[in-house]
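**Student:** One-letter residues, chain by chain:
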Amino acid sequence: MFALGLAGLLVRRNLIFILMSIEVMLNAAGLAFVTAGSRWSQPDGQVMFIFVLATAAAEVSVGLALLLRLYQQYRSLDADAASQMRG
Amino acid sequence: MHALFYVAAVVAFLATVRVITCLNAVHALLYLIVSLLSVAIVFYTLGAPFIAALEVIIYSGAIMVLFIFVVMMLNLGATAVDTERTWLKPSMWIGPCILAAILIAEVAFLLSRGSSAAHSGVFVGPKRVGMSLFGTYLIGVELASMLLLAALVAAYHLGARKRERLEIRNVTDTDRTRTAAGRDLVRSGTGGPSRTA
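If you read the sequences in order, they're chains C and R. Residues 1 to 87 in the numbering used here are what the first sequence spells out, letter by letter. Residues 1 to 197 in the numbering used here are what the second sequence spells out, letter by letter.
These are computed hints drawn from the structure, not numbers from a lab. Ideal Cβ placement from N, Cα and C applies to all residues, glycine included. A couple of the hints might just be wrong.
Stated by the list, open to error - Reference listing, derived: stretches of chain C covered by chain R, where coverage requires no fewer than 3 residues with Cβ under 8 Å from a Cβ of chain R:
1. 17-25
2. 32-38
3. 52-58
4. 65-73
To be verified - Derived DEER-like restraints, expressed as beta-carbon distance ranges:
5. C:A36 to R:L152: 27 to 37 Å
6. C:A36 to R:Y156: 34 to 44 Å
7. C:R69 to R:L111: 43 to 53 Å
8. R:Y6 to C:Q73: 42 to 52 Å
9. C:Q72 to R:S112: 47 to 57 Å
10. R:L111 to C:S41: 22 to 32 Å
11. C:R69 to R:M131: 26 to 36 Å
12. R:V17 to C:A36: 23 to 33 Å
13. R:I139 to C:Q73: 36 to 46 Å
14. R:M131 to C:A36: 13 to 23 Å
15. C:Q72 to R:A3: 44 to 54 Å
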C-alpha cells in the first residue's frame, strides 16, 4: 500500500491526487505500526498510529490551504505550474 | 477470522488502486473513503478496536470532509451541473458500492458472531494504549498538540492573506476609478450625500 501511494505520487500531477497519495502512504505506515504492535502485543504501535493520525491531520490542513492559495493564483491544479514561483 | 482479514485487505488494495487510477477527484475520494474503512476493519481484526474507531472517526470523518470541501470549492461554475449529471450514471457509483457492500457484510458477520473471538492478532485494549500514551509518550503528546496548533495557525494564515490582498486591490481599484472620473470626488458623485462625505 505504501508502494501504491508512492506510485500515485509519482504518476499524478494533480495536486489533489498528490495529497491523497500522501494520505495513503501515511495510512500504510500506520498500518505497519499497528501490525507490528499487534505482533509483539505491545501498545507502542497504536500510540505511534495516534501520532501518525495527528501528523496527517496537520499536514492535510496546511496542504489544502496551500492548494487553495495556488489555485487562486494560477487557476490550475497542475503541480508544474508552481515550479516557477518566485518572491 | 483470517478470512475476514484477507477480504478486508483485498478490498483496501482494490480501492487504493482505483484511487490512483481514477481520473475524477470525487470518485477517487469515494474510493479513498472505502479504502480507509476497510483498513479500519483490518485494524479491528488485528486486535486494535480503539484504533479502528479512530480511523473511522478522524480519517474517513474529518480529513475526508476537508478534502470534499476543497474539491467542492474548486469545482464551482456553471458547467458543474452538466458534469454532475454525467457523474450520476450507474457505472460511476457501482464500484464503491460493491466494495462498501463487502465491508458491510463483514461488519454484519462480526456483529452476528458477537464481539469476542474476532481477533486474529493479540488483543491490545484501549486501556493499555492510554497508559502508554500518557505515560512513556507524554512528550510526544505535547509535541503533537503543538504541531496541531501550528498547523491551525498556518492554515488560518494561508487562508486569510488572500482576503487581505483582495481588500487592498479593491481599495486601489476604487482609487483608480475615482481618479479616472475627473479627480473631483464631489462632482463625480451622484447626489447630495457625497457632498457631506
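**Student:** If a hint holds in the structure, say so; if it doesn't, say that too.
**Tutor:** For each hint, the structure was consulted:
1. 17-25: holds (count 6)
2. 32-38: With 4 residues closer than 8 Å to chain R, the stretch 32-38 of chain C meets the three-residue bar; holds.
3. 52-58: Check passed, 6 qualifying residues.
4. 65-73: holds (count 7)
5. C:A36 to R:L152: 27 to 37 Å: holds, 31 Å
6. C:A36 to R:Y156: 34 to 44 Å: For Y156 (chain R) against A36 (chain C), whose Cβ atoms are near 36 Å apart, the range 34 to 44 Å holds.
7. C:R69 to R:L111: 43 to 53 Å: holds, 45 Å
8. R:Y6 to C:Q73: 42 to 52 Å: Distance hint for Y6 (chain R), Q73 (chain C) holds at roughly 46 Å.
9. C:Q72 to R:S112: 47 to 57 Å: holds, 51 Å
10. R:L111 to C:S41: 22 to 32 Å: holds, 25 Å
11. C:R69 to R:M131: 26 to 36 Å: Since R69 (chain C) and M131 (chain R) have Cβ atoms about 42 Å apart, the given range 26 to 36 Å is violated.
12. R:V17 to C:A36: 23 to 33 Å: Since the Cβ atoms of V17 (chain R) and A36 (chain C) sit about 24 Å apart, the hinted range of 23 to 33 Å holds.
13. R:I139 to C:Q73: 36 to 46 Å: holds, 39 Å
14. R:M131 to C:A36: 13 to 23 Å: holds, 19 Å
15. C:Q72 to R:A3: 44 to 54 Å: Between Q72 (chain C) and A3 (chain R), where Cβ atoms are some 49 Å apart, the hint holds.
Checked against the numbered hints above, the structure breaks only hint 11 and satisfies the rest.
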